[in-house]
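Which chain is which? The protein sequence lines are V and R, in order.
Note that our numbering has the first sequence beginning at 1, numbered continuously upward.
Note that our numbering has the second sequence beginning at 552, numbered continuously upward.
None of these hints come from the bench; they were simulated from the model.
Please note: incorrect hints may appear among the correct ones.
To be verified - Derived DEER-like restraints, expressed as beta-carbon distance ranges:
#1 E86/V to L707/R: 25 to 35 Å
#2 Q555/R to T286/V: 50 to 60 Å
#3 L685/R to F20/V: 23 to 33 Å
#4 N856/R to H350/V: 39 to 49 Å
Stated by the list, open to error - Only some residues are given here: those of chain V computed to face chain R with a beta carbon under 8 Å:
#5 S107
#6 M121
#7 G128
#8 Y339
#9 D341
#10 G342
Small disclaimer: the values here were computed from a predicted structure and weren't measured.
We treat Cβ as the ideally placed atom computed from N, Cα and C, and that holds for glycine.
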Amino acid sequence: MNVKNNGVLLEMEGLMIEGFSDEQWHQIVKGVDITLSRGEILGLIGESGAGKSTIGIAAMGYAKPGCRINGGSIRFDGMELTTMPESRRRKLRGSRIAYVAQSAAASFNPAHKLIDQFSEMVIEHGKGTRDQAYADAKDLYGRIKLPDPDRIGFRYPHQVSGGQLQRAMTAMALSCRPDLIIFDEPTTALDVTTQIEVLVTIRDIVEQFNTAAIYITHDLAVVAQMADRIKVLRFGETVEDADTRRMLSDPQKDYTKSLWAVRSFRKEEVAPPPEPTPLMKVENVTATYARGLVPVLRGVDFEVHRGHTVAVVGESGSGKSTAARVITGLLPPQQGRVYFDGKELPRDYHRRTKDQLRQAQMIYQMPDTAVNPRHRIRDIVGRPLSFYLGMTGDAKERRLRELMEMIELDPDLFLDRLPGELSGGQKQRICIARALAAEPSFIICDEVTSALDQLVAEGILRLLDHLQQDLNLAYMFITHDLATVRAIADEVIVMLQGEIVEQGPKEEIFNPPHHEYTELLLSSVPEMDPDWMDRVVAERREKGGMQSAGN
Amino acid sequence: MLIQRLSLGLLTLFVVSVIIFLAVSMLPGDAAQAMLGQAATEETVEALRKRMGLDQPPYIRYFTWLGGILQGDFGTSIANGREISELLGGRFVNTIHLAVFAAVISVPLALILGLLAALYRNSIYDRSVNVVTLSSISTPEFFVAYILILLVSVKLGWFPSLANVSPDTPFAERLYKTFLPAMTLTLVVVAHMMRMTRAAIINLLASPYIEMAALKGINRRRIITHHALPNAWAPIVNVIVLNLAYLIVGVVVVEVVFVYPGLGQLLVDSVQRRDLPVVQACCLIFAATYVLLNLIADILSILTNPRLLHPK
């Protein structure tokens, strides 16, 4: 396709982008330079708000609604995108520069078949007929190892799994054989075992077609596998830019070093010896959705002791959140019982007493949606105080201030604010305070750190650990992130398709011999070593093909 | 799901029939008295009441009435003794004719205006369409009707101001005569449908798949017609059907202004004559239309949702 295989493809100089919010323009990207050669993969890394996605789509001459490029130049293959008429820029998008979005589930149009969304680009850019596009799509679906490549394209997006959708989107990006693909966190929403498959696909395909790529992610271990070069961004500015191996082995800037050192937290204190009666006991629970048609939990048994943290790990659909719904009574189980402190709990939360409800609290994944944006922090945290404990007036105010101090937020500054004025980490702290306000002895933490940046997540884990020591709390910690499990768990439960495949103390689970599935899960977690993926793929090929738990 | 909707619709109709019956029985005055006039003696009125079954307790009268309707018998008109079903037949056809005429103009017009407004959001076009439609929404329909009569009929003399059709009026002449009432209805309903179309599409324009389409290099017109519109059907269909129901049920004033022999006119006349069986029958037909159209809206929403249409 392209005669010249080397040479500069994309050059951004002094890129400035501003966004409009709160009635004024804010500078989001403050003078970033990027040079990308043909066939090269550049990793853009940084925390949320660093401007990495904004920079990524600026390479297509595009600014999100409410943003505009207000300085610098973007030269793609010798053409200046910033001054080019929009109609010409539009012709480049999709045909020469393609985009792969973070959530394929949200970025595929639900009303059209996958293959029609693939061929739309080919037809609209005049690169071929529908029949040619269909044939090419089937070929590409096969090359990226989608099951049943001749027919999968005729499905609608909701009929295909998340990992398959993400691969179909990579295929779609290739439909016009672009020179450059922007990958915007393409595996962030996927399970680890699926992630590694998608990563392998992306890397193979980029090599096959000698496509240049900008790979945006916040996951260092992922970028280490994918990129030739890494650029670290913070607050819309470049922190550091270097070859991948050098960047990993010898980071220069303090900020980069702090990112590299994030996963340092380990729970130190040993959990107290278990009491004879477990605090929460789940006995042989079977649960179904859709009036008994979809089994989601089968014969699940486990215990949580006072002062202990039980981590429940598994991929999406493994039933870990359903187990939490059964414990809280939101989903009455079909069979089995739930005991609290030796006494059986009614199946349905409607029939539980206020005190039973108070004892088990929940903290959710998305602090944004778990708090009412129109309520002040005082009302959010104060509600359980009056609802469960009947507190009013001065007593309530005193308790509110105590709780705010427990979560390390200044009551004078925060009590009268609205959630919208808080950062993600602060909002999650408010959710923790709300759970603590009920004075529970058992807290379910459902993916509480997965929506947060690593440094912020680290702070939340430390806080939860600290609170556990002070209040002798028991945690059921639902997560798909094994690094988090290593950091905080006393015991681990591994779930697969609604059943527990392995459970025991953390050391036992993490040290061999593992159950086959635990092994797959552990070996799929990316490591910071740039050769990690090649090694894993080679090992799995030896053992006979890539296994996937989901299929 | 469909059966659930259907039975809910039937339940609604039943409740509505009870309410209509109660409301009509509570109207002041007495049909027998009204028929015989002030000069009638107590005895003759009493005899007539007995013959008409008005001396029975209300629940018996209700079930007799309901039972009759289920067999297609709406009873007889008090005013002229004719079969109500016969009386309604021609009127109903006229009302449907007017509604369909107005719908054929207004629905495509509203969709196109709404699409264009979404496409050229915040442009001069968008703003002027908004101003015009907002003013037509907020103007009472009889006023719109009189303005149209004044301009189109009296000043220009293009269309007649009276829509006096009879069952043997030829179709072309029928269209000609009912043009002004249809225009009036169009002006009243178009604004609502057009604004909903615009809002539904603009709402969808913030979705990730629309941004994806833009990043695929698809032009704006195709993004709106091909990527946004298919996903906007559910809210749009609901508003369209609600307005269609209005075209049938809400035409009373327009029919009166243009002296059009439709159901609305019949209803008004019957109320004046205290012809309660006819009033009840008209109300029930209006209610049934409403329930039926809403049922259709529900079914269409299901049919336009790919998730429900193509299950896993």
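* Enumerate the violated hints, using their earlier numbering and listing them in ascending order. => Numbers 1, 2, 4, 7, 8, 9 and 10, in rising order.
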